[in-house]
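Undergrad: Here is what each chain is made of, one letter per residue.
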Amino acid sequence: MLSLNYALAGLGLGAIAALSGVGLLVTYRATGVFNVAHGAIAMMAAYLFWQFTDQWGLPVWLSALLVLLLIAPAFGVLLERVIFRPLQRRHARPAESLVATIGLLVLLLGVAFVVWGAQPRSPSGLFPGRVLHPGSLTVHLDALADLAVVVVGTALLALVLRRTSLGTQIRAVVDRRDLAELAGVDADRVAAIGWSIGCVFAALTGILLAAQLSLQPFNLTLVVLETFAMPVIAGLTNIPIAIGAGIALGIGQSQMNLWTPNDSQLASIWGALQSNLPVVLLLLALLARQRLAEARGDAGITTTFARRRAAEPSIRRMTLQYTLAAIAMFLPLTFGAVHLREAQEIPALALIFVSIVAVTGYSGQISLGQAGYAGLGALFFAKVSAGTPQLFALLVAAIAAGLVGFLTGYPAIRRRGLFLALTTFAVGAFVSRFVFAQPYFTSNVDVHRPSLFGLSLEGDRAFYLFELAMLAIGFLVMYNLRAGALGRSLVAIRDSEEGARSVGVDVRVLKVLIFTVSAMLAGLGGALLAQQAGSFDATTFDPLEASLPWFAVVIVFGADSAVAAVIGASFVVFINGVTGQDNAYLIPIGLMAAFLGRLPGGAAEAARRTFEWVLTPTPLMRHYAKRKPPPRPTIALSPAGRAALARMRARS
Amino acid sequence: MSGRLEGIGIVKRYGGLTAVDDVSVTTEAGTISALIGPNGAGKTTLFQCLAGSERPDSGQVLLNGRDITHASSDARARLGLGRTFQRLAVFSSMTVADNLGVGAENRTNAPVLVRIGAMLSAIFGFPLGDGKGHQRRVGEVIDLLGLGDVRTELAGSLPTGTLRLVELGRALCHDPTVLLLDEPASGLDTAETRRLQTVLRDVAAEGLAILLVEHDVDLVFGVADHVYAMAEGRLIADGSPDEIRHHAAVLDAYLS
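Sequence order for the protein chains is A and B.
First residue of the first sequence? That's 25 in this note's numbering, and the numbers climb one at a time after it.
First residue of the second sequence? That's 739 in this note's numbering, and the numbers climb one at a time after it.
A hint or two may mislead.
Derived list of chain A stretches under chain B, where covered just means 3 residues or more per stretch with a C-beta under 8 Å from a C-beta of chain B [what the hints assert, rightly or not]:
hint: 1; stretch: 262 to 268
hint: 2; stretch: 505 to 511
hint: 3; stretch: 522 to 533
hint: 4; stretch: 668 to 674
Selected chain A positions facing chain B (in silico; Cβ < 10 Å) [to be verified]:
hint: 5; residue: Glu366
hint: 6; residue: Ala496
hint: 7; residue: Val501
hint: 8; residue: Leu537
hint: 9; residue: Val541
hint: 10; residue: Asp584
hint: 11; residue: Val587
Worth flagging that the hints you see were computed from the coordinates, not collected in a lab.
Using N, Cα and C, we set each Cβ at its ideal position, and we do this for glycine too.
Take the sequences, apply the hints, and build the full model.
TA: See the structure below:
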């Protein structure tokens, strides 16, 4: 039995979800870039609108005009010009665009957090929130207005796409950018328009959504990110299907109010299911799909971020580097209590970052859900450590996180690039919403620091040393993952999955294995992070507050280097410590990730080059000056070969 | 070492289009067979069905008498089917020697649990496997293909012609019994093509069965023992290079 009242109530949110999906699809179709930052742009627009109306007292219509018709399109043009055109110019791989949008997302989150803070605001709506009661019905006027906006917006869009020459050009650029350019289409202009339209739709989504929910940097962005379900259901192509899915989601969500289970346990599950229906839908849509149409090839290859040198550096040099690194890691032991406590975050965070290096750097699988594994590790440690030896509890925590990684590894077998990125993100979001956010799992969770064979690690120095020991174990695993045949097989999958299969590399087993090992490392790091804080905090392991920025840090500092991951962790803790703000690091990291296209190999590569230049400027310059093309191979003929050659010469 | 690959009655459709229509091909140990035909003839589709990148809608693929129609491409490789790619699929961030090393190191056809065990053992710091033997095999193949000068270069920095040889070497390190080559001469200059011919002869002389898809008619007629000619998804002729060169249907398909 459907209820008309509930349907009407759900219509508004459904319409907004549809709007968000349409905006994403337009940008994707016109530029080939799946804009992960869509949610953050929506959030920024909502904040600006709130600033204009509720803070500065501008009239609603004027603020709307400013945000929707001036700032949002201009921002779209700026994005195309500054970030995405250079990537397009040098035929960057889709994975690079994906990282650029993640960087943009992180940057905008950081800016919003620093400028407006984390406290929720309740902005006024674009439309008056009046309620009418015709007959027995309850009609929210703003919901109807939202629906009208979606209808008008998409109708305008359809008109532009179908009836104008711009629409033809967009379709031409989507099909074959090179051919369209030959035919005189200004593909850059088309891309800029695609970005502008996408930003306007995002802004509209943000403003409408903020009026219905509340306005907070992370929450609002996450809600918009969850509407990724619509474009995924639409196979990244079909706009009408995306709209239909959005409306259906809104109505379905409100219809779930019709049934309330009597059993309280069941009721809480049902409630969680209802409020997190978009996440469930996203995960199911991703798992049900065999493939996701990608406009511009395969986003699976992350070689660009993960350069590996041909030869290992000399033993003397490695000894020097590792000694310096070890001294740096022991340095915090000399700190005062406050700074030592802050520094305790470094090894824990470093372990999680190292886990991203394993899965993304070493084997090329984009994983945007690492915080989920880390959080599971923390939670399992807390649950198990109550009555068992602590070291055993830590092991159980790592194994439990590893099991979930194992399960994620299965869908990863056939998925790559954007498809895999979205799937891992959805897994992380699912775990966060259905485990970390549920009091059933997280209430009464006490996290204690472990004791080792009766030796207490309560003391800050002792605990820091223990963390270093755990990190050392992580490094051993990483070394083994990188060295020898196993390491080569993983890189083979990263560089060319087809090529790896062609020589019998068991891609299926290796992918599942690397996800499992990576999740175990992340789980261990998560458990240490919770022990350091002395509590389990769901926001520490949030998909948006943690997973995505963490991924960006690892990419920025050099995805192929475990040492770089430790430096990245130190950077995060250092910036947060200096500024005294929890998320201040988002801004530099976001900036670097967004512009990573201009710094291939990440900060690690740049630092290494600078280091080498400082150490050995002259030989290096000479090396580059004299760089010759590599010699072509000469073929040494076997007797049979010589005979064949003689036969051939005789014939001709 | 003997190799034999049979495709029996392969049919592959895409929507309403029948790309490969009931085609049978066989390669024998020690011989080189070639698959020719104009663009769109279905050569590449047939090749993909044999190599495992595509599954035929009907028909059978037999490797040394064993039905591998439903085996994945990596399983086929472990059973002794080597291949190269028309669009290069080298490991660009590894050196040439490491590229070949991957081929040598994954030669095993041990059961899956044994392979998982070996991986776990490697993670704990005890890699199994015959490292020295793999190195020796890589060295042999590098000598055979004359890649000695570039063995420590990163594959990503090398020209296409060299990379075709790297792919061939990678496949050879895997010790296949049957070798499938997808347009091995595209991107090669005349001198390189001629060298490739002699290498292929050498390799076949060791007892491998080779099947190649190739546009370069000179290469095909210079090196192949047996030629299959396709047009519009069907096999229109097969026979020795001389027979095919003068076959009316083949001339017709190529000229019209």
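Undergrad: Against this structure, judge whether each hint is valid.
TA: Do the hints match the structure? See the list:
1. 262 to 268: violated (count 0)
2. 505 to 511: With 5 residues close enough to chain B, the hint holds.
3. 522 to 533: holds (count 12)
4. 668 to 674: holds (count 3)
5. Glu366: Glu366/A check fails; min Cβ-Cβ to chain B is 32 Å, beyond 10 Å.
6. Ala496: violated (13 Å)
7. Val501: holds (6 Å)
8. Leu537: holds (6 Å)
9. Val541: With a minimum Cβ separation of about 7 Å from chain B (threshold 10 Å), the hint on Val541/A holds.
10. Asp584: holds (8 Å)
11. Val587: violated (18 Å)
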